[in-house]
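Novice: Sequence:
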Amino acid sequence: MAYSSTLLTNKVGIVTGAGSPFGIGRSLVMSLALAGAKAVYATDLTLVNIPSLQQEVKDAGCLCQVHGAILDVTSEEQTISVLKEIIATYGRLDFFFANAGFGYYKTLEDTDSKYYDFAINVMQRSFFLALKYGGNAMCNTSEEKPRPSGSIIVTSSMAGVAGAISDISYSTAKAAVAGMLKSASVQLSASRIRVNSIAPGFIKSSIAATSASTVSGAAFDEKLNKDNAQDVFDKVMGYHAEEKYYYNRIPEPVEIANIGVFLASDLSAAVNAQNIVADSGKTAAAFGETIIAPVKPMKPLEP
630 MAYSSTLLTN KVGIVTGAGS PFGIGRSLVM SLALAGAKAV YATDLTLVNI PSLQQEVKDA
690 GCLCQVHGAI LDVTSEEQTI SVLKEIIATY GRLDFFFANA GFGYYKTLED TDSKYYDFAI
750 NVMQRSFFLA LKYGGNAMCN TSEEKPRPSG SIIVTSSMAG VAGAISDISY STAKAAVAGM
810 LKSASVQLSA SRIRVNSIAP GFIKSSIAAT SASTVSGAAF DEKLNKDNAQ DVFDKVMGYH
870 AEEKYYYNRI PEPVEIANIG VFLASDLSAA VNAQNIVADS GKTAAAFGET IIAPVKPMKP
930 LEP
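Residue numbers are given in the numbering used here: position 159 of the sequence shown equals residue 788, and the series is strictly consecutive.
Among these hints, one or two may not hold up.
Taking lysine-lysine pairs in the DSS-like style, the calculated list, with each CA pair at most 27 Å apart, reads [said to hold, decoys possible]:
#, residue 1, residue 2
1, Lys761, Lys713
2, Lys761, Lys667
3, Lys774, Lys761
4, Lys667, Lys687
5, Lys667, Lys713
6, Lys811, Lys873
7, Lys761, Lys743
8, Lys774, Lys811
9, Lys713, Lys774
10, Lys667, Lys774
11, Lys928, Lys873
12, Lys761, Lys687
13, Lys713, Lys687
Simulated from the structure, these hints should not be mistaken for laboratory data.
Given only the sequences and the hints, what does the whole structure look like? Please build it.
Specialist: Pasting the structure below:
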């Protein structure tokens, strides 16, 4: 997508979960850079894939400074530290994408409290930290930014609104963040900070390949690209998209990043406290054609 290179002029922000080789976080950083952001902090548990991301941004002719930073999003201390570094360097924070997460399916029978707590910490507690301390950082003002303002965006999931998408730990965390943003939007309103979430469906990304490493604590360094991402997705998830219907298509990560750029920019000034489901219509389709039988394509309008 072609963005105006001035859409995010002078804006500075952070994207968590940006260290995967192919996914929403990486696409967010690239898209924010193309939209003219001044600086983006790309954070994750490992930075092995950040140099190639920085090179992609540079090769695209973007002036955006992409900083890699190690961040365990469950850590209050690390979250505060990264935000203080941003303020010390740039004097402002304008957008915070709480994107870090993982998708490692476990049945209820196989889910113990330790794993459940881990999932909640990574995908729900981290959002609380983003709201609390990201909100604080967005209140730092300067000559370039004379009053508090900002946009906090969390990656939720259609698993937060549908039960047959993921396991109970993931679904609970994603449903929770969609609810948390309602209260947060009120709490942060006096500071002119908007809070929204994006709830993707299945996405062509490396999350299926990297989640095992996230759970085990190992660093992920598998290189994926647009040519083989679908194969990895199919092999790990055991799912193949039947594109007979639009709702079965699996979007590219950049399609979610496009929504992210919109929410980070002033184009979405009127959008606050919303959970935007971006699943190609999958949740609306529910049972697919199992109840209403096959649906034929529409006929062209006759001349």
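Novice: Is the straight-line distance between the alpha-carbon of lysine 761 and that of lysine 713 27 Å or less?
Specialist: holds (13 Å)
Novice: Next pair to validate is lysine 667 with lysine 774; report whether the Cα-Cα distance is within 27 Å.
Specialist: Holds - the C-alpha atoms of lysine 774 and lysine 667 are around 13 Å apart, at most 27 Å.
Novice: Do the alpha carbons of lysine 928 and lysine 873 lie within 27 Å of each other, as the hint requires?
Specialist: Holds. Lysine 928 to lysine 873 sits at ~15 Å (cutoff 27 Å).
Novice: Check whether the Cα positions of lysine 713 and lysine 774 lie no farther apart than 27 Å.
Specialist: This hinted pair holds, its Cα atoms lying about 17 Å apart.
Novice: Would the pair lysine 761 and lysine 743 pass a check requiring their Cα atoms to be no farther apart than 27 Å?
Specialist: holds (25 Å)
Novice: For lysine 761 and lysine 667, compute the direct alpha-carbon distance and say whether it is at most 27 Å.
Specialist: This hinted pair holds, its Cα atoms lying about 23 Å apart.
Novice: Is lysine 667 close enough to lysine 713, meaning Cα to Cα at most 27 Å?
Specialist: OK: lysine 667 and lysine 713 at ~17 Å, within 27 Å.
Novice: Just to be careful, I want the Cα atoms of lysine 811 and lysine 873 compared with a cutoff of 27 Å; is the pair within it?
Specialist: violated (36 Å)
Novice: Between lysine 667 and lysine 687, is the straight-line Cα distance small enough, at 27 Å or below?
Specialist: It holds: about 13 Å lies between the C-alpha atoms, which stays within 27 Å.
Novice: Is lysine 774 close enough to lysine 811, meaning Cα to Cα at most 27 Å?
Specialist: holds (26 Å)
Novice: For a C-alpha distance cap of 27 Å, please report whether lysine 774 and lysine 761 respect it.
Specialist: With a Cα-Cα distance of about 20 Å, the restraint between lysine 774 and lysine 761 holds, given a limit of 27 Å.
Novice: Does the structure keep lysine 761 and lysine 687 at a Cα separation of 27 Å or less?
Specialist: violated (32 Å)
Of the numbered hints given earlier, the model fails hints 6, 12; all others are met.
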